[in-house]
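Novice: Just so you know, the sequences run in chain order A and B.
Taking this note's numbering, the leading residue of the first sequence gets 1, the next gets one more, and so forth.
Taking this note's numbering, the leading residue of the second sequence gets 793, the next gets one more, and so forth.
In short, the hints are calculated from the structure, not lab data.
These numbers come from a predicted model, not from an experiment.
Beta carbons are placed, not taken as given, at the ideal position from N, Cα and C, and that holds for glycine.
Heads up, some of the hints might be wrong.
[Unchecked claim] One side only, chain B facing chain A, incomplete, derived with CB under 10 Å:
hint, residue
1, L837
2, G946
3, I969
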Amino acid sequence: MRHGPWLFLVMVSGTTPVLADLQHLDDEALADVRGQGGFTLETELQLGLDRLSYLDDGQAIQLEGLHLGSSEQDDRGAYHQVRVNIDHGAALNLDYLVTDRRIEFGDVRLAGAPGVGMGGVFFDHSLQGSFRLRAGGVTGGAGYSFDSAYTMTGGRLGYRTNGNEVFLDDVWMDVEALGMTLDLVGTALRLEAPHVRGQWRVGAIRYSDNPLNHGRSRDLGSGDWLPSYGGLEGDYELSTITLIQAGGRRGEGVRLDHEARLNTAGFIYLDDGHPLAFKDISGDFRVNDLRLDVDVDGQGRPALALTATGVDGALSIGALALGDQGQSLGAVNFRFLFQDHIFAGRQYRNAVYLQGGGHPDAGPQGLRLATEWSLPSADLSYTDDGHRVVFSGLQSWGQGDITVNVTRSGERNGTRFYDGLRIGFEGVKAGYRINGLRVGDENAPLQGGTELLLALGVYPAYEFELDGQVTLGPGGASGEGIRLNSDLRVGNGRAALIVAPYDEGAGEVPQKGLWIADLEYEGHVREMTLDVTDEGLALVQGEAWSTLDVGNLRLGDKDSGASFGRFVLERYEQGSVMTVVPGGAGDVCIGGQGSSGASCETSGGRWEARGEQGITVRLKQLLVPAAADGRRNALTWEAHRARDSQGNAVNGSGMRLVLDDIHTSDGGDLDGAGAESNDYGIRTELGVDVYQTRVVKKQNGPDSLGVQGNRGDEKIMDPSAPQGYRYVSNPSVEQAANRPLGFAVQARTRFKELSVRSVDLIHPTGGRQTAVYGVRLQNVDLRANLTATPMP
Amino acid sequence: MSARGLLLSVCLTAGFLHQSPVHAELAELGDDAMARVSGQGGIYLSGDISINALGGPIENSYFGRCDDRQKTCGARVAYRLRENGGWMVLDEIQGNFAFEGLTLRVRSIDSGFGGDGEPFNGEVLELGLPDTIRFSDVRFRMAASSTARPTDPGFRQTDIFTVDMQGEVLMRGNLLIFPSGAP
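Full structure from sequences and hints, please.
Specialist: Laid out in C-alpha cells, this is it:
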C-alpha cells in the first residue's frame, strides 16, 4: 500500500514542467480518499532537455535534443488527463487519456566520438487506457502487481538521419497485459508478464527527404501523401520474464536475462491492400546474459556494446500466404542457438557495438553496427502439404560493420546515394554451411542432398567477404511497394555446388565437394521494384549487371582441391521480371501425356497430385546486347595460366574460351523502332514442391548403408527399418505413399531467339581468334518434370 | 534465380564433357564399392524433358504450331564457322527424353581401378548414368542455310538429312570427371 503513491509521484515529476499541482499524499490522506471518486489531473505537458547522459565507468552516451510536447503544434504541450482512484482492494487505479503527444530526441551521441551521432527518433501517439497497481509481487511481500490496458491511435514512430526520415505512420495498437509482477529477487529486478495480448496496425511506412516534412504524413509543398513502403498489421499473445541486474561485461553496466513464449501471433505486410501473410506463428525465445556497456569495440572505437552469452529459441510459421486468395506456400520452422563457438580455428561470439555516423559520406548522423555473430546450431525446415524437409546443422559466423542511414538521392564525396533506408556492408567476413537433410523430423537420419538448395539460388556452404550497400526506397511499380538499388562486392569467396556433410556424427571433418573458389563478384541493381500483387510477389528489375569471377572451380578441398580453371560469368539485363506465386505444380503426368491419372498411366506416365501448397516462380529475363561501356552477357573459361612467385595462377595470362555477347531478341524489328525488339526474353516457369519421388536401386546387393536390394527395386521409407528405409520390388499403393521425399520441379522455358555473337579463343600473346561467327537459337519451348532427392 | 544455380552447375558439367582436358574413365561400380565411400553429398535426378511438343513461341511465315502442317514447329539452331559464310543448321528439333536415376556427386578415390586408384588419391565428379533413357518422337533436321533466320531476306536452305529416334538407350556405369593439366 505505501509504495503506490511514491511511484505515482515519481512518474509525474519526471515528465511534467509542473503545470500540475503536485501533492505528496501520505497513507493517511489516501485513506481519506478511499471510497470517494478519486481525483482527476489535467495537464498540458511540454518538456525540453538539451542533453540526457548515461554514464558507465566514466564513459557517457547522450540523448540530445529531448523533447516532449504536442505532435500537431510545435509550440504546444500534449494534453494529459489522469483520473486517480484507490479501490476497495487497496489498489491504485489510473485511467488516462493522452492526446497528440510527441516524444523525440534529435540525436544519440557517444562522448568519446565527437562530430557523429546515431540519429534521432520520434514517437507520436494518442493513448487511452488504464493502469492498476497493487502491492505484492509474484513472490508476495515487497513486490508489485499491476495490470495495464490501453489503446493507441494516430501513432508515428520514426528514425531520422541528416534530415531524412523513415517512419511508421497511422499506428493503431490495442494492448492488454494482466497480472504483471515486479519483484526484487536477490540482486535482480524480476519483471514477469504472464499474459500479454494485443493487436496492431501500421497504416503506412513512409519516407521523406525534406526536413520540413518532419513528423508529417503529407508533403508540405504538394500536399500529397509521402511515398509508402506499404502497411503492416498483426496480433499476438505472449508471456515474458525479464531479469535486470547491475553490472556490465566490464565494470558498470546492465545485465538482462529474458525469456519469452509466443503462444500465437500473426503478421501481414500489405502493399496497396495485397497481403503477404505469416499465419499461425508460435515460438519461444531466450536471451542469456545480455550485457549493456558503454565501451569500445575490438578496434577501440567508442560504442554502446550489447554482448550476449547465448540466444536460443524456435519459431514456427504455420502458413506463409501470398496474394488476395490467401493461398499458402507452406509452413516454415526455424530453431536456433547463438553462442560462442570456434569456426575455422577462430573464436566467434555474439556482440553488436552501436556507433554513430553510418556511412561517412552520408552525413554526420547514422548508425554503425560493428557486429560479430556465432550460430553453431540451427535447423530450418519447410513443410509442403504435410511433407517436411529439414535443412539440418545450419551454422553461420561472421564479423564486420553494418551501417544504416536514411539517405536521399545524390552523389556526395564520390559516393552515390539513393532515396530510402540504406544498409551498408563494410569488411564483413562471414560464412555459413549446412550439414545435410533430414526428412520428416529433426531426429531422422542425416542424409546428403543440400545441393537441392541450388534450385532456390542458395549455396549449401559459402564463405565470403562482403562490401557494398542495399538501399530500400519507398514505392513499387505502382503505388506502395519497395524500390531497391544495390551495389555489392564479394571477395575471396568459396561456395559449394556439391558438398559432403561437415559432421556425420564422428566429429567435424573438412568438407569435400565441388567449389567455386577464389570467387570475386560485383553486382549492381538499379530501380528494382518489389510489389505484392493480387496473385503473388513481383520483382521488376530496371537494370542489373554483374560479374562473377570464379578464380578456380575446385574439386575436393575448397582451398587445395584440383582446379578446372577459371570461369567468368558476366550478366547484363534490363527490365527482367520475377514473379513468385503460391502453389506448386499441382497435378503432373511424369514421363507420359494426359490430363487425368488414367490417361497418363495409359501413355506410360506416372500421375502425381502434388497438392495445393508449394512455390511457383515465373521469370522473364531480357539479356541485353553488349553496351559500349563493356557491360555484356558472356561466359569465359580460362586455363593454362602462368603462376606468380607465390604459386598462384595469374588471371588473364592463360588461354581463354569466350562465349561473347549472349543476348535475347524477338527475331527482328517487330515494332518499327529501328532496332531489334527485345520484349519476350527467356521466359521460365518453375513449379517447386516437396513430394515423394520414385528412387530405384541401380545395382544388386547392399547399398552405401548396407541395406540389401536388387536392381530395379524401389526405395521405401520405413521408420522400423534399421536405416529408416528398405527396398521393395513392387510397392503397393500404401508403400508407394512412403516413397522418399525430394524436390519436384516442373519447369518450362521459352524464348524466341537467343544469340551468341561469337565464340572466341584468346591466346595470351597471340591475341583473339574467332572460332564461331555467331550462334542463333530460335523458337525454343522446353518443358521438364524433374525430381531431385538425396543420393540413396 | 533458382534455375540459374541449377542451370549453371548443369551447364558447367556439360561444358566439361566437351571442352575440358579431362580424362574421363567409365567404370561400373557396385553399391558395395560405394559403401566404402563415406562423407558424400549428391543428388539423384529423375524426370522427363520435352522440346517443342506443341510448337515454340514464334508464329510467323516459317514457324507455327505443330498442328499447322504448313509451318515448322520445332526449335532451330544455326551457327557459322566463317565470317560472312553460310550457316549450319539443326532445324525442326523436337522430342521427349525420359530418364530415371541420374546421379551427381563428388567422390573420393584412393583404391581400385586396376591399381590406378591408390596413386590417384583424389576426388572426382561422378555422373552416375541412368539405366535407361527413353526417347519418344525425337527428331531434327541437319541443313545448310544462307541466313541465320528463316525469315531473313534471301533465305535459302538445303536439307542434308533428318534424324528420327524412338525407343530406349541403355546407359550403365559412371562418368568420372576430374581436372588435369594446368588450370
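Novice: At a threshold of 10 Å, is the proposed contact between B/G946 and chain A supported by beta-carbon distances?
Specialist: Check failed: Cβ of B/G946 comes no nearer than 15 Å to chain A, outside 10 Å.
Novice: Does B/I969 pass the interface hint, meaning its C-beta sits closer than 10 Å to a C-beta of chain A?
Specialist: At about 8 Å, which falls below the 10 Å cut-off, the nearest Cβ of chain A leaves the hint on B/I969 intact, so it holds.
Novice: Let me know if the C-beta of B/L837 comes in closer than 10 Å to any C-beta of chain A, holds or violated.
Specialist: 5 Å, holds
Checked against the numbered hints given earlier, this structure breaks only hint 2.
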